[in-house]
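S.K.: Listed below, chain by chain, are the residues.
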Amino acid sequence: DVKVTQSSRYLVKRTGEKVFLECVQDMDHENMFWYRQDPGLGLRLIYFSYDVKMKEKGDIPEGYSVSREKKERFSLILESASTNQTSMYLCASTPQGLLYGYTFGSGTRLTVV
Amino acid sequence: QKEVEQNSGPLSVPEGAIASLNCTYSDRVSQSFFWYRQYSGKSPELIMSIYSNGDKEDGRFTAQLNKASQYVSLLIRDSQPSDSATYLCAGGPRQAGTALIFGKGTTLSVSS
Chain A
1 DVKVTQSSRY LVKRTGEKVF LECVQDMDHE NMFWYRQDPG LGLRLIYFSY
51 DVKMKEKGDI PEGYSVSREK KERFSLILES ASTNQTSMYL CASTPQGLLY
101 GYTFGSGTRL TVV
Chain B
1 QKEVEQNSGP LSVPEGAIAS LNCTYSDRVS QSFFWYRQYS GKSPELIMSI
51 YSNGDKEDGR FTAQLNKASQ YVSLLIRDSQ PSDSATYLCA GGPRQAGTAL
101 IFGKGTTLSV SS
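Same order as they appear, the protein sequences are chains A and B. Per the numbering used here, residue 1 is the first one in the first sequence, and the count goes up by one each step. Per the numbering used here, residue 1 is the first one in the second sequence, and the count goes up by one each step.
Source of the hints: derived by calculation from the structure; they are not laboratory data. Note that the structure is a prediction, hence the values are computed from the model and not measured. One or more of the hints may lead you astray.
As the list claims (entries may be wrong) - One side of the interface only, derived from the structure: several residues of chain A facing chain B at Cβ under 8 Å:
| # | residue |
| --- | --- |
| 1 | Phe33 |
| 2 | Gly42 |
| 3 | Leu43 |
| 4 | Leu45 |
| 5 | Phe48 |
| 6 | Tyr50 |
| 7 | Gln96 |
| 8 | Gly97 |
| 9 | Leu99 |
| 10 | Gly101 |
| 11 | Tyr102 |
| 12 | Phe104 |
| 13 | Ser106 |
| 14 | Gly107 |
Glycine is no exception: its CB is placed at the ideal position from the N, C-alpha and C atoms.
With the rest of the complex left out, here is chain B:
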C-alpha cells in the first residue's frame, strides 16, 4: 500500500527560526509532490508544489525533493506565529484517474 509518512509533531520553534518539516513516501510511481497548510477548523491550502529533484523556493518557503531517498521536505525561514498550523505532505503519479496520497500532517507551533 502506498503511504506518505510525516512526524505528527508538534514541532515547536521560536519566532524567526527555521522550521524543517519532513515527509517520506513509499512508492516510486509518485512524481508530483505538494505541501498544504491547514489552520485549525479550515480546509487545506496549497503552498508549494515540487516535481523535480532539488530545491524550489517561494518566498520564505523552500521545498526539497530527493526521489532516490523518497523524501520531501519543507523549510520555513524566519518563522512567524502566523505559520502555526498543520502541514500536510501529499504525493501522486502524474496521470489521469489517480488521486493524491496524503500524510497525516505535522503540527507546527511558532512561539513569539
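Bound conformation, chain A alone:
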C-alpha cells in the first residue's frame, strides 16, 4: 500500500514563528498536494507539485510556500504563522495524471497561539 507520512499529528506554534510541515510518500508518485481543511469550508488547495522542484499555486497560497527538492518529500512552510492558519493540514500524493485519486496522509492539526 502507498504510504503518505506527515511528520507531526499535532503541532502548537506561536504567532510569528516559521513552521515546517513535512510530507513523505514511498511509492514514487509524481504529484503531491497540500490542502487545509476547515469546518464548513471543505478541503482547500494550498499548493501542489507535479515534479521535483516544480510547484503550482492552489486556491489559497497566501502566507505559505513549499519546497520539493526530492521526489518523495513535499514540505509546506508557513513563513510567519498567524492564528488564522490554525487548521488541519492534509498532504496527498498520486501518480501522474488523476486516474487513481489521491492517497492522503493522516493530517497535521496545527494550532497557532
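We have chain A already, so just place chain B on it with the hints.
M.R.: Just chain B now, kept in the frame of chain A:
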C-alpha cells in the same frame, strides 16, 4: 470557476437502508471522479473511483456517473452504523499538472 457541489446533510438513514449521496460538478473537462469517506478527526480514505458513464459496484457501494447531466452519486446498500462519516466527492481532468476539486462533503448518520 470549477465547482463540485454536495448537499452538506446530515443525511440520516436507519440501519439496513440504502443511503444515496449526490454530487454535481460544473465543468465538462473533468473525467475522473472519486468518493472519499472521512471519519471525524481522520483523513479522507478513497472508497470508489469512476471514469465512465453508468454504474460501478464494489461490495455494498455503487458509484454512478452521468456526464451529460454532470452528476455523480454514491449508493450505500445495507447501511451500517460504521458507515456514519462525511463523504467527499471529487473530480478532475485526467492530465498532468492538475488537481482534484473537492466538494464540501455530505455527513451521513446511520442509526441502529
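S.K.: Evaluate each hint against the coordinates.
M.R.: Hint by hint, here is what the structure shows:
The beta carbon of phenylalanine 33 (chain A) comes within 6 Å of a beta carbon in chain B, closer than 8 Å, and the hint placing it at the interface holds. The beta carbon of glycine 42 (chain A) comes within 4 Å of a beta carbon in chain B, closer than 8 Å, and the hint placing it at the interface holds. Look at leucine 43 (chain A): its Cβ gets to within about 4 Å of chain B, closer than 8 Å, so that hint holds up. For the restraint placing leucine 45 (chain A) at the interface with chain B, the shortest Cβ-Cβ distance is roughly 5 Å, inside the 8 Å limit, so the hint holds.
This hint holds: phenylalanine 48 (chain A) has a C-beta 5 Å from the nearest C-beta of chain B, less than the 8 Å allowed. At about 5 Å, the closest approach between the beta carbon of tyrosine 50 (chain A) and any beta carbon in chain B falls short of 8 Å, and the interface hint on this residue holds. With 8 Å as the threshold, the beta carbon of glutamine 96 (chain A) comes within range of chain B, its nearest partner Cβ sitting at about 6 Å, so the hint holds. About 5 Å separates the beta-carbon of glycine 97 (chain A) from the nearest beta-carbon of chain B, less than 8 Å, and the hint is met.
Here the hint on leucine 99 (chain A) is kept, as its CB sits about 6 Å from the closest CB of chain B, short of 8 Å. Evaluation of the glycine 101 (chain A) hint against chain B yields a held restraint, the C-beta minimum of about 4 Å falling below 8 Å. Against a cut-off of 8 Å between C-beta atoms, the interface hint on tyrosine 102 (chain A) holds, since the closest Cβ of chain B lies about 6 Å away. Below 8 Å, beta-carbon pairs count as interface contacts, and phenylalanine 104 (chain A) has one with chain B at about 4 Å; its hint therefore holds.
Interface restraint check for serine 106 (chain A): the shortest CB-CB distance to chain B comes to about 5 Å, inside 8 Å, so the restraint holds. Hint status for glycine 107 (chain A): holds, given a least beta-carbon distance of 5 Å to chain B, under 8 Å.
The earlier numbered hints are all upheld by this structure, with none contradicted.
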